[in-house]
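Below, each chain spelled out in residue letters.
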Amino acid sequence: MLLSALIGTLEQGLVYGIMALGVYITYRILHFADLTVDGSFPLGAAVAARFIADGGSPLMGTVLAMAAGMLAGLTTGFLNTKLKISGLLSGILTMTALYSVNLRIMGRANIPLLRKPTLVSWFGERGMAPWVLFLITLVLIKLLLDLFLKTEVGFAIRATGDNEQMIRSCGVNTDGMKLVGLGLANCLVALSGALVAQYQGFADVGMGVGTVVAGLASVIAGQALVRFPGLGWATTGVIIGSLIYRGAIFAALRLGLAPTDLKLITAVLVVVALSGPVWSSSVAKFGGGKRRATNIPAA
Amino acid sequence: MLRISQLRKVFANGTGVEMTALDNISLEVRTGDFITVIGSNGAGKSTLLNVIAGVYDVDEGEIWIDGVNVTNQPEYRRAHLIGRVFQDPMIGTAASMTIEENLAMAMKRCSPLRLAPGVTPQDRSRFRELLAVLGLGLEDRLQEPVGLLSGGQRQALTLLMATISNPKLLLLDEHTAALDPKTGEMIGELTNKIVKNRELTVLMVTHDLRQALEFGNRTIMMDQGQIILDLRDPERAAMTVDDLLDQFEAVRGKRLLDDRVLLV
Ligand SMILES: Nc1ncnc2c1ncn2[C@@H]1O[C@H](COP(=O)(O)OP(=O)(O)OP(=O)(O)O)[C@@H](O)[C@H]1O
Ligand SMILES: [Mg+2]
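Residue numbers (this note's numbering), protein chains in the order written: chain A, 928 to 1226; chain B, 11 to 274.
Hint data in this document are derived by calculation from the structure and do not stem from the laboratory. C-beta atoms are modelled at their ideal positions from N, C-alpha and C, and glycine is treated no differently. Please note that a few of the clues may not be correct.
[As the list claims (entries may be wrong)] Partner residues are not named here, just some residues of chain B that face chain A (Cβ under 7 Å, in silico): (1) Ala89; (2) His90; (3) Met117; (4) Arg119; (5) Arg228.
Given only the sequences and the hints, what does the whole structure look like? Please build it.
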């Protein structure tokens, strides 16, 4: 009983870890607080669920979901770079619009996938648990992302988040790099949404609420725990952060907290983590202790 | 090489008051010219470099670099022609990225971005050679984030990055001003060395009048958005700082007012 619950937690940590990697790209690399995520996650679920429910192949449905997520990211990027709407508002606008779009795609508020062939059931028929699918996908994406961030395009995206003026003077169109980053990030988020829908056996129009905060919690937790230098460790940290976040939720539920309180708890956790530097410096001021050296942003 | 004709740039501030930062500027720069640019605060020196680089659009006039009209090109399109170093050492490099990654981005400014590895082993050995010339020991720290370097080290790296792809034009905006005197002098010497080696064409803004006369082969003085003096060698070579100040007074009818100008 406990074991299967733990495996369920592991599976959630892995499948939501894909989303967390997307949030890592926008939040940590592009320094762009992208709220599109709350819309692109259910978008991925909606596209995949609708396609599968209508008799399409689950693989194709998942690929379509990724494409849809990329389009959502590009929309936010377009609003921000071409129409000069602030990054935060661009994401909120896309997210809001996506609520209607998702309902249109689904045709109703909830699509059940029971007894439909899904990627999860395809693996199940071959005797493999969902976590195998999620682990393979997540590790593959992490390794590809690590490689990508070391390419010329990857350098340009990282520099766009770090010092726009510098990379523009190196001849890079920074607007283009923001589009690539946002598109890629939301592609991963939608993939995560598509897999979650197939895993839990339904897509629901409300399933995106709080996704971005959960992603941030994972990214921040990972960054706090994995402090080795280098990009490979940073993405590993995001995955570990996602596992720990799901583990913390599991523990909270076992302690008797209502599932409906989880979003509040997550938000409080993120607030505490983000305000950590403020706390530690005021503690240092009053306690006369040595102030921690400011972190070099971990690549 | 660089031809600027009748350039005007007007800034409108929030209250609707207009500020003419560049007022009918024309300038002809020959290949290999090393021009020092001086003038009081707000004279338009930085604005001139910024419009050449494409940071700001101009209101009137044209800019030609190496036979190409770049007036309406966005900054990133003409970036392969231009290397820049700013006063603030933080501006020229990406702090979270390593020394070799920064150099690689600067080196590939001429070519379109690919999905190929950003730094190759050949790149690395080339970077090591180039960094060794700086004499700062950076050649052994290729994989360290630039954020760990001192201001002077970062400025030296920026200078290397600005010149690594042999740009047509090197724009220096008070690039030694924010450094302590010794480091500033080191960066100054480095600038001369690199410019001589590569036979670059340079515009260098400085508040140090002595440096303005020592460096390069030509000096222009700006005031209120105009070029009011244009001095070339050999006359320039014979001039002293006092001569410069006298010349300014003769043209403008007032002393060169500038808290940052070094008079001695
Ligand atoms: N982005 C801007 N917006 C509005 N006004 C500007 C802007 N940039 C420059 N100016 C104005 O244009 C004028 C010229 O400024 P500029 O920075 O070119 O002077 P400068 O010669 O470089 O001065 P300094 O020696 O102080 O660096 C100034 O009056 C300045 O206030
Ligand atoms: Mg200036």
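Against the structure, the hints:
Because the beta carbon of Ala89/B sits about 4 Å from the nearest beta carbon in chain A, less than 7 Å, this interface hint is met. Look at His90/B: its Cβ gets to within about 5 Å of chain A, closer than 7 Å, so that hint holds up. With a cut of 7 Å, the hint placing Met117/B at the interface with chain A is violated, because the nearest CB-to-CB distance is about 9 Å. The beta carbon of Arg119/B comes within 4 Å of a beta carbon in chain A, closer than 7 Å, and the hint placing it at the interface holds.
Nearest Cβ of chain A to the Cβ of Arg228/B: about 24 Å, over the 7 Å cut. The hint is violated.
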